Each structure stands twice: as C-alpha cells, then as structure tokens.
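Enquirer: Each protein sequence line maps, in turn, to chains A and B.
Position in the first sequence counted from 1, then plus 2, gives you our numbering.
Position in the second sequence counted from 1, then plus 2, gives you our numbering.
These aren't lab readings, by the way, just hints derived from the structure by calculation.
Predicted model only: the values in this text are computed from it and were never measured.
Cβ coordinates follow ideal geometry from the N, Cα and C atoms, glycine included.
Certain hints may be false.
[What the hints assert, rightly or not] Label pairs and their computed distance ranges (CB to CB):
no.	chain 1	residue 1	chain 2	residue 2	range
1	B	D295	A	P133	32 to 42 Å
2	B	E264	A	H256	55 to 65 Å
3	B	D88	A	E153	21 to 31 Å
4	A	E23	B	E277	37 to 47 Å
5	A	D85	B	T89	20 to 30 Å
[Said to hold, decoys possible] One side of the interface only, derived from the structure: several residues of chain B facing chain A at Cβ under 10 Å:
no.	residue
6	Y30
7	H80
8	D81
9	M84
10	E115
11	Y117
12	S118
13	L128
14	S129
15	L132
16	N151
Number of protein chains: 2
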Amino acid sequence: MYSTEQLADMIQNRLSGLYLEREPANLYQPIEYTLSSGGKRIRPALCLMACNLFSQDINQAIDPAVGIETFHNFTLLHDDIMDKADTRRGRPTVHKKWNDSTAILSGDAMMIEAYSFFLKLPSHLLSEVLPIFNQTAIEVCEGQQYDMNFETMKEVSEASYLEMIRLKTAVLLAGALKIGALIGGASKEKADLLYQFGINAGMAFQLQDDYLDTFGDAKTFGKRIGGDIVEHKKTYLLIQAIDLAPEKAWSILHRPSISEAEKISEITSLYRELEIDKKVLNAIQHYYLMAIDALEHLGLDRIQKEPLLNFLDQLKGRQF
Amino acid sequence: MYSTEQLADMIQNRLSGLYLEREPANLYQPIEYTLSSGGKRIRPALCLMACNLFSQDINQAIDPAVGIETFHNFTLLHDDIMDKADTRRGRPTVHKKWNDSTAILSGDAMMIEAYSFFLKLPSHLLSEVLPIFNQTAIEVCEGQQYDMNFETMKEVSEASYLEMIRLKTAVLLAGALKIGALIGGASKEKADLLYQFGINAGMAFQLQDDYLDTFGDAKTFGKRIGGDIVEHKKTYLLIQAIDLAPEKAWSILHRPSISEAEKISEITSLYRELEIDKKVLNAIQHYYLMAIDALEHLGLDRIQKEPLLNFLDQLKGRQF
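So here's chain A without its partners, still in its complex pose (with noise of 0.2 Å):
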C-alpha cells in the first residue's frame, strides 16, 4: 500500500515541468502555471489508491490520474474567468496574469491534454474508461451551469441544491474512484461500490464546507468565516433558512445599511435558532456513514480500507 503523500509525489513528478517547453509558449505557460500551483491531488490520489486496492501495480493508472487531475484545473481555470475570481492558491488567476482569451483557449487545450493522459492504456480498458470520464466530465459543467444558475433564482429547493453538488463536486471524485478501481482490475461491482463510496464523501465534505464556512473555525478553514453569507450565496443552510423563514431571512439579507458583520451575526443566530446547523450536521453524518457503508460492501481488510477511512477523516475542514 503506498501513503496519500507518496501517492501525490507520484503525481507531481509525473506532472512536472511537462509543459516548460512547448509552443506556442503562451498556449503552455498558462497551463504550466495551473499544474504547479499546487493542491493537494485528492483526486489522483484517490484514483491511485483504489487502483492499488486492486493491484500492486499502479504504474497504469498514473496517466490517467494525471488526466483527472488536468481536467480538475482545467475546470477550475474556466470557473474563474465565469466567476471573475482574481486570485487562486494565492496566486493571480490565469485571466487575471494573462488575459481572458488566453485563459479559454490555455483552458481548451487543457481539456485535451486531459484526455490525451489516457490513450496510452490498452484498448479493452480505454474503451471501459473513457465513457466514465467523458460522463463525468460533462456531469461538472452541468453542475458549474446549475451554480451559476441559483446565483439569480430567488428560491432552489434542497433536492435542486444536493443534485447541483452532486454534479459539480462529488461526481469527480467518485469518477475518479471508479477508473482507478476499473484500472486495478476491479469487477463492476466493485467499481460501482468505489463510486458510491467518492459520491457520499464528496457529498459530506462539500456540505461541511458550507457548514464551516459559517460555524468554522477561521483559524483551521482558512476562509473567512462568513463569507457564503455576505455573499448571499445559496448553500444548503440559506436554502433551508429561505424554506423554513423566508421574509425574515429576506429581510435581514436586503435591509439597507446592515453592515456585514451584523449581517454574518444575525443570519448565524436564525440559522441556530431554525435548528439548521444540527441539520446540516446530521445531513453530513448521513453522508459519511452512506460512504462508509459502500466500503464496508467491498469486503476489504481493515488494512485495505485504512487509506480510503484516512481520506474521509482528512476530508474534515480541508479545501480541496
């Protein structure tokens, strides 16, 4: 069994430096930046590890670990041009340093190297890979598409909210799961568990991420606290505070001259006093024992599971 950092480390060897060289330079650089800006290659990481749980050779799976890791940024490249984001990984976004056509046609060719990490696989397990993470690819931009849609609705049901989180966040992870599991030589069965399990963890964490970014700690979320909410953005506690206390939350997010900090305190206290950061909590719980559950299906030893146990313990409170 190899450990998440020497996993990661794999990654980033293979990753590096692999597009100092090539031309036209302001097609590569801009992807050059994005692939060294760091993170923290969960999604890789995670492809290995379940190939791994399959095989003692993973060396099959790197490229296309590689490949999901491309997309990834790739994704994250275009969301800040959408987003109008000026910094990432406290750097200057690829629109910001360069400039908006750059970042869409540096983040096109992004798409396709993705791609191109996986043709080198032999052609049985290219033609049962690829499907996965074409279907996957396009469940994120749906997901993005329904993001950006709330931002202007007035109102987004939970089941709205929990499929949009789906899509956007979870499905990569659980994508990712499943092409390693397919690579390691896995039956369907098992591939199918691998993905249940990365659909409920992605869940769980991106609901802990809304939880935190209101009852966090500053300290260890390294966000500001309260951010989601000065921002008015819809996350699964102002969609249930919307639900649950419409004028009131309406109320306190649109009075004039409110100041920020008032605005954080006061939809913090209607929050606790709906109940919905015990809700929230118990949302999360769910997920986590749906995740844990899907690995307990695999019949795997308690050592087998303990790197994929170890990610869902470092989920908590960690961006990724």
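Given the structure of chain A, go ahead and fit chain B onto it with the hints provided.
Expert: Here is chain B on its own, set in the frame of chain A:
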C-alpha cells in the same frame, strides 16, 4: 458511393434536435443553436467519403464524423468570444445571444460531447482513431494561438504563417479524412495519404481565401473585398508585401486620415506591383497538385476518386 449531399443529410439527421431536451437548458440550448446553424458540414462529409472509399458500410463512421463537426463548431463558438465577433452565419453569436460565461461553459460541454461521439466505436478502432482526433484537436488550439499572436507581431515569416494555417485549418480536414479511412478499414499507409490530401487541400483553401479577400469577386466570395486589408490582417499577401517592401506597405497602412477605399486600392496595387498575386496563385496551385498527387498514390479507380476531386473543385471560392 454516396453524393456529398447525401452525406451532409446523414450528418444533419444525426445532429438534429440532439440537445433540445437536455438539462440544464441554458447549457444545452447554445449547443443546439450552434449545431443547427448550418454550415456545409465539409469535415464530416470528408470523413464519410474517406470511409466509403474502403467500405460500403459507412454507418460506423457517422458518429465520429458528427464528433468532428461538433468539435469544429465548438472551436467557432470559443473563437467568437476571443474575437469579440457579433455574428456567425447570419445569426448572433452565442456570447452575444447569451453571455460570455454561458458561451465558455457551453463550449466546454460541446467539446466533451465531441468526444462522446467516438465512444461507441469498437475498442480497437477507438484506440486507433482517438489519438488522431486528440492530436488534431490540440493542433487546432495551437493554430488559433499562433493566429492571435500574429495580430500583435510586426513581422511574421512565410514559414510561420504556413504552419499556422496548417494547424488552424488543414489538420482538421486531414484528420477527418484519416479517421474515416481507418474506420473504413484502410491501411495506415492509405490513411496517411488521405491525411496528406487533406493537409494540401486545406492549405490551398486557406491561401485561396486570402487571395479572394483581395482579388475576388464580391458577388461570389460572399464577404466584402478588401476586409483583410482594412483590418491589417497578416495574410499570406500582406506578409509577402511586408517582406518585400516594408516601408511602402507600412506607410500606406498607417497613413493618417487614409480612407478605407484608398487603403484597399493602394495595397492592392502594391500587391500587383510586387507580383504577390501571381505568387499566391502559384502557391495555391502547388498545394492543389500535391493534394491530387496524394490521391493518385492511393491507386483508386476514376469513379472512386470523383467525390474527393469534386471536393477540391468545390473548394474554390467557398467558405467552410
């Protein structure tokens, strides 16, 4: 043998209404809009023609041909954002009709969809043709980046220009032919000859487009004559003029208060004076002959060659 019109109909039928019902609607409607906006369907027709040279049954090539057309239309959609173009095929561009974010994300989804059309191929064919599609796709991005770079460069060499049009225009025609041929069962050698045919036909087409923009007949060309001159576009013609008579060329282009009509007239005279009109016609002829030469080496009957020879003839004066 199928006629070009029959082939275009097959493509149209496969494409029609494909994205009408898919959700989220504002992700998929721009794709439907883009794919229903017509165009000559040249690339997929070439793909099917190439398949038909080696097989009576071209059904297996229809989806990949549609994938190539989808990819081509994706590039137009994103190019239109980068070029800030307002109209395409007589209709508002996607980023004008919707907005930039929708155009970026729908384009991304469209590129992923392009790949999905390849996934039904049997494994051995998928492994054979997908690397060709992928290489072609990345080259088209490189060509677009070079084209954008040229806008701000004072001097562009003839060799760089020819490489740019090879990447931006020729490789996709060539790739469509090669992919179709391989699906039809062609040997690698024959598929490569069709690739060469496509490259040379594409080069001839693009140079002819440059020529016609200055020396064409407004009635048949379909665009305003002299548009490239007014935009100072670094076409094959302007590159030659800047190489042969840089001071004269720049003094006309940058003369204060020169009218557009005067600029077109004086630059056109300069081209004639420097015999650039003859030089570009020679270059076009050269590429046409190379295309025909590649076709001759395929060892086909006259009747088999006919669709591709007709295609070469039709290239003249056509926008595609």
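Enquirer: So, against the hints stated earlier in the document, which numbers end up violated here?
Expert: none
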